[in-house]
Amino acid sequence: MSSRIPIVPESTEPLPGLGENTGLLSWVASIDHKQIGIMYLIGTLIYFVIGGLEALMIRTQLAKPGSELLSPEMYNQLFTMHGTTMIFFVVMPFLIGVGVYLVPLMIGARDMAFPRLNALSFWLFAFGGVLLYYSFFTQSGAPDVGWFAYAPLSEKPFSLNNGPTYWALGLLVSGIGSLISGLNNVVTILTMRTPGMTMRRLPLFVWMMLVTSFLLVFVIPIITSAFVMLLLDRLLGATFFTPAFGGSAILWQHFFWGFGHPEVYILVLPAFGIVSEVIPVFSRKPIYGYEFVAGSTVAIGLLSLGVWAHHMFAVGLGNVANAYFSLASMLIAIPTGIKVLNWVSTMWGGRINFAVPMLFATAFIIEFVVGGLSGVAIASVPIDWVVTDSYFIVAHFHYTIFGGSLFAIFAGVYYWFPKFTGRMMSETLGKWHFWLTVVGFNMTFFIQHFLGVMGMPRRTYTYHDMPYWGSMNLISTIGAFIIALSVLVFIWNIIVSLRKGEPAGDNPWKAWTLEWATTSPPPVYNFKLVPPVRGRRPLWDLAHPDSPDEPDAKIVTEGPNG
Amino acid sequence: MANNRMMIKFFIASESIFFLMLILAYVNFHNSVTTGPTAKSSLDPYVTGIFSLFLLASSFTVWLAGKSLKNRNRSGLKLWLFATIVLGAVFIFGQAREWFGLFGRGITISSNVFGSTFFTLTGFHGFHVCVGLVMLSVLLGLTLAGDFKGPKSDAVECVSLYWHFVDGVWIVVFSVIYLWAFL
Ligand SMILES: [Cu+2]
Chain A
1 MSSRIPIVPE STEPLPGLGE NTGLLSWVAS IDHKQIGIMY LIGTLIYFVI
51 GGLEALMIRT QLAKPGSELL SPEMYNQLFT MHGTTMIFFV VMPFLIGVGV
101 YLVPLMIGAR DMAFPRLNAL SFWLFAFGGV LLYYSFFTQS GAPDVGWFAY
151 APLSEKPFSL NNGPTYWALG LLVSGIGSLI SGLNNVVTIL TMRTPGMTMR
201 RLPLFVWMML VTSFLLVFVI PIITSAFVML LLDRLLGATF FTPAFGGSAI
251 LWQHFFWGFG HPEVYILVLP AFGIVSEVIP VFSRKPIYGY EFVAGSTVAI
301 GLLSLGVWAH HMFAVGLGNV ANAYFSLASM LIAIPTGIKV LNWVSTMWGG
351 RINFAVPMLF ATAFIIEFVV GGLSGVAIAS VPIDWVVTDS YFIVAHFHYT
401 IFGGSLFAIF AGVYYWFPKF TGRMMSETLG KWHFWLTVVG FNMTFFIQHF
451 LGVMGMPRRT YTYHDMPYWG SMNLISTIGA FIIALSVLVF IWNIIVSLRK
501 GEPAGDNPWK AWTLEWATTS PPPVYNFKLV PPVRGRRPLW DLAHPDSPDE
551 PDAKIVTEGP NG
Chain B
563 MANNRMMIKF FIASESIFFL MLILAYVNFH NSVTTGPTAK SSLDPYVTGI
613 FSLFLLASSF TVWLAGKSLK NRNRSGLKLW LFATIVLGAV FIFGQAREWF
663 GLFGRGITIS SNVFGSTFFT LTGFHGFHVC VGLVMLSVLL GLTLAGDFKG
713 PKSDAVECVS LYWHFVDGVW IVVFSVIYLW AFL
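So the protein lines, in turn, are chains A and B.
Using this note's numbering, the first residue of the first sequence is number 1, and each one after it goes up by one.
Using this note's numbering, the first residue of the second sequence is number 563, and each one after it goes up by one.
Careful, some of the hints might be misleading.
Interface residues of chain A toward chain B, partial, derived using beta-carbon atoms under 10 angstroms [what the hints assert, rightly or not]: (1) Gly182; (2) Thr239; (3) His254.
It should be emphasised that the hints constitute simulated quantities derived from the structure, not laboratory data.
Just so it is clear, CB atoms sit at the ideal spot from N, CA and C, and this is done for glycine as well.
This is chain A alone, in the form it adopts within the complex (with noise of 0.2 angstroms):
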């Protein structure tokens, strides 16, 4: 480097974290990646138990028909705020957060490539939250026009409450928040591997939040552009979407999904990403068919770009857009397919250890297939329009977010916790959690399939006493109890865990990548030596030099970039 920026000068000392100062301070201004992590982790669970209530809120009003316990409009808020909480600030923030702790360590690096970037896009993120909860305290409430705020409803005639406001606001700068850290990851990922850590050993999470980054990179901007658009439209009298002064509120549609489509891919990649992690190591096997999962999740991310008009068939795009989107969208249950199909391969002949990280992962796998069953099914046009804005897609999405992405996420909690804290956590209460999650979960959201397929429409907050509809809303709400209390367990076994989980060692899953050749939890500065990488499970060679995973390899010492 011949010259320098003075203003921000490079850092000679070591970064404020983890072990100089434990106060809270060192906290806050920490630019430390495992630190910034562990606030992602913490605030998603802040998110994750405020969504929760809401979501039990939504299903008590449910329980019965004619229920008038909550009033419509706060039912409103209630499943806007539940819908844009789990998304938004608890799913999408997870995935970043154990990203940032994990591709430095699992890549063989000391930080992200820019610490004080990485520190930004936690803020952005903890305050575009505290920015859209601050709207329950003011006059006009928290926003009621759904997570997807359709116009006109989310406009100035039909809204006149601030709610809209906060909730672009909010999003808005949780997005850029997200965005910048999608760059970050972009750049650290293609600079900063260790020597030997090609992008064919790269392991497949870092793959999976690669391609999750370059999604942000370039679907952020667009919800971005239309957030500012909503918002003048709601400040300064805008007509962008506004049908009745010339705006067209199909575009909001579009750009919405625009969006909105590839975000289910950054929801659900880095989940794939932790069960590609976790299945190889719990069957005792490498993973099958590496680069299919590494090239199937490039396709994915590549179609997920092309299908956004999928949730807009009951608006009259005609035929012919109406067949493209369709088949485009089938067309993504391929590369989804492969990936099941390596995941089974993987654990096919594998000596399983059904420990909870594995039973969360082994779960996954069926209840993402479900979800992504039901989601081939309303990829076919006719079929959507009989069950569109009905709890047919309540049931569907919730089995690719909830079975699909938060189980993984689970298996994530648990396979990485003995890394992050150094304890292990409890296997008896995590087994408690993992099956009150599996009954909960499914006795809430499969009956919604047929609830749907019998007519009751989603986002009503009350419904008639037909034939059957009580009962079966009913048990979806017992259901939700039971999610109740496997959480309660979660958080239970976190806090006793962390006080008293037995110690883990570096590695107590005998797992191969890189970041469990450091201790647990890692030191300020990652690694003492970086063990040398030449295949894709450095530790298994480190292990057994006599049958490496790719006996020609030679042991690199310059870096891919030098």
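Using the hints, position chain B with the ligand against chain A.
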């Protein structure tokens, strides 16, 4: 470091999508204005065209600034950075003049879809020019204070890339708004 330059390139890619969406919104409404001002009825392509030349010229001067840095020509660097700032400022002055002219005739962001898309698109572009001017001023200040001895500097190269990008966006915006309406 390669990091900084890679970062700014991906950032520019991301920003391109942002502007693409604003341009798409403009294009979407180009033919759907039924009442109120349109590009044809309210804009002056010649005046804006002339001010656009200043922005185009500033891309050239920022390139010269980079060349001076490479040749360790510090007075050249100072001169061309200063010239870039002046040219960019003239462009912004032209845009402000145009905007206030429109306001004077009662044409605002809330007039109709033309107003909404026109002011949003040119406004965000102008905002990016202003951010660029701030960064160029910081570079100039640091150069005057003795930094950037050459032959390389990530800061200068990144700001220069950003400035070319802002310039390129304007070529598209000018084509879509002015040339489309008047050619
Ligand atoms: Cu979709």
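Give me the numbers of the hints this structure contradicts, sorted from smallest to largest.
No hint contradicted; all consistent.
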